[in-house]
Amino acid sequence: MVLWVLGLLCCVQAPWAWAGDEERKLEAVFIGRFASYIEWPAKPRDRFVITLLDDNPFGSLLDDLYRDKRIHNKPIELRYATRLEQVGETDALFITLTSSAARAAAIDYAQRNGILTISEAKGFAESGGIIQLDFIEQKARIKINHGAALKSGLRIGAPLLTIATVLRGDKP
Amino acid sequence: MFDRISIRYKLIVLLGLSAALALLISSAITIYSTYLSESRSSLRVLHQLTDVISENMRAALAFADAGSANTMLASLRADPHILLAVVNDESGRALAEYRSAGLSTAAEPRFRAEVQGRILESAEALRREDGFVEHIDNDFMAVVRPVFFDGKPIGLLVVVSDTQLMWAKIRELVLLQAATSVLTLVLLLFLSVKLQSLFTRPIMNLVAAMQDVARTKNYRAVLGSDRRDEFRNLYDGFNAMLADIRERDDQLSRLATTDALTGLANRRNALDVMQTMAARAQRKDEPLGVIMLDIDSFKNVNDRFGHPMGDLVLQEVSLVLQASARDYDLVARLGGEEFLVVCDCGTQEVTTAVAERIRAGVEGRPISGPAGEALQVTVSLGVYSAVPRAGAEDIEEMIRAADKALYRAKEAGRNRYVVA
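From first to last, the protein sequence lines are chains A and B. Counting in our numbering, the first sequence tops out at residue 172, every number present. Counting in our numbering, the second sequence tops out at residue 1420, every number present.
Bound conformation, chain A alone (with noise of 0.2 Å):
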């Protein structure tokens, strides 16, 4: 009777569960995506580095996704910091910090060192970060500060833009 109860249990909340984890599987496909539409400036590295800034929620996806894929026909590489310092030169730095001093201080960074910032923190495009991704009734939405791109020295691709809210400033 118990374990019919957890049974059913685990039927009712399955959907809630498919969701997240699929959310999360999508979080993890669109970066390595996002850095498809998108052009740095030239950088002497043989490697193209995505970094996650405190906590990792993907646990091992992003090793397993992006494990031997190219992204602008360079292997990738995946690094994980707890703290900003840890961060040095990386290409997409995606931001799971809860501060917003924090965050704010690590897109001071990146956009001082030509790096992708993306989070799924709410107002993280409108306070200097480049791609914000929201999940909502789970589907995607995406929402680029084009002037903080262009700031941090990179170009978006149209089509990328198309598909997104884009900020045209700093500030909406």
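Mixed in with the good hints, there may be bad ones.
To give an idea of the interface, some chain B residues facing chain A are shown, with a C-beta separation under 8 Å as derived from the structure [to be verified]: (1) N1056; (2) A1060; (3) A1062; (4) D1065; (5) S1068.
The set of hints was computed from the structure by calculation and includes no laboratory data. All of these numbers come straight from a predicted model, not from anything done at the bench. Ideal Cβ positions, reconstructed from N, Cα and C, are used throughout, including at glycine.
Given the coordinates of chain A, assemble chain B onto it according to the supplied hints.
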């Protein structure tokens, strides 16, 4: 029924039918080739549209952005011929769909089923980046293209369009072709009416000439033609046939009117000619001289020298007769060794003069046989001269009178003439 139609109309019908058939075939080929090129062209346009949409759709598919995908597909509303457009993500779920207001609910399931069938048939092709599926039939056409991202298929774009534009162009062409064909046919028929005379005029002329010859019996007619083709041969053949008829007629006429041995007029012809001469003499009130003559002892010639010699004697006497008579006198062999000479305007003096010339001529003309034998023959002549009276009986009477005089000449010792 076709046999009853004149060759002129047969030619017109033949030319008309040939032209119609040629136009029909060329029109069918033109329309079919236009259908092929128009369907290819329509599909090409749909391919271009699909390529553009799929390119724009890539980002929406990459980020599973149904809203943007729907917005992009909604722009297809600008083209009223696009009936349906569907974007499926890589799992086959519809990410976005555009359905035209003009798409009938009755036709939609068929379109979808047809496209679905084609997708299943060509699943392999759709796994290639340059792969596509296309379909066209009378009602709609569709293009299916895979959308790739970083070398991997992330979705499928289906665009369905109606074929109204294509059919409108083809209808336009058919109408134009039909109008052109009718115009050409009318022109060709007009030309064929004119051109048929090139062929029929010589035939018609020949037919008219044949009818004319048949009606007038004028076999001396000669058809002239300046042509150099087969009609010339036909005309020459016809003229040769007429010449043959003329020759045969002449031969028959000769056989009917002349004596085969001597070449003189035969009895029947002599009586006909004499009748004419008598009528003229009567009309002019002029005398007609009649000389009946007979070779003396001709039976002895035959008995002694044989018939070939007898025939030779007859021929020699005939020559003397022809030489002694005037050009316009009638000389005839009535049968056996009996001859008739009719002198036009033959007074007694004239007739007796001719008779004497004959007698003297025959007497003075020794005849040599084939074996070298010499023969001397004489003739007895009965002469009669009078103005003829009306009727054929009078001719016979004149001949009879001359014949009686001949009899008297025979009785008087032969080799002489006696005037009746």
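Do the hints match the structure? See the list:
The interface hint given for N1056 of chain B holds, since its Cβ lies 7 Å from the closest Cβ of chain A, which is under the 8 Å cut-off. For A1060 of chain B, the interface hint holds, since its Cβ comes within 8 Å of a Cβ in chain A; the closest pair sits about 5 Å apart. Proximity of A1062 of chain B to chain A holds as hinted, the smallest CB-CB distance being about 5 Å (cut-off 8 Å). For D1065 of chain B, the suggested interface contact is upheld, since its CB lies about 4 Å from the closest CB of chain A, less than 8 Å.
At a threshold of 8 Å, the smallest CB-CB gap from S1068 of chain B to chain A is about 4 Å, leaving the interface hint in force.
Figure legend: structure checked against the earlier numbered hints; every hint is met.
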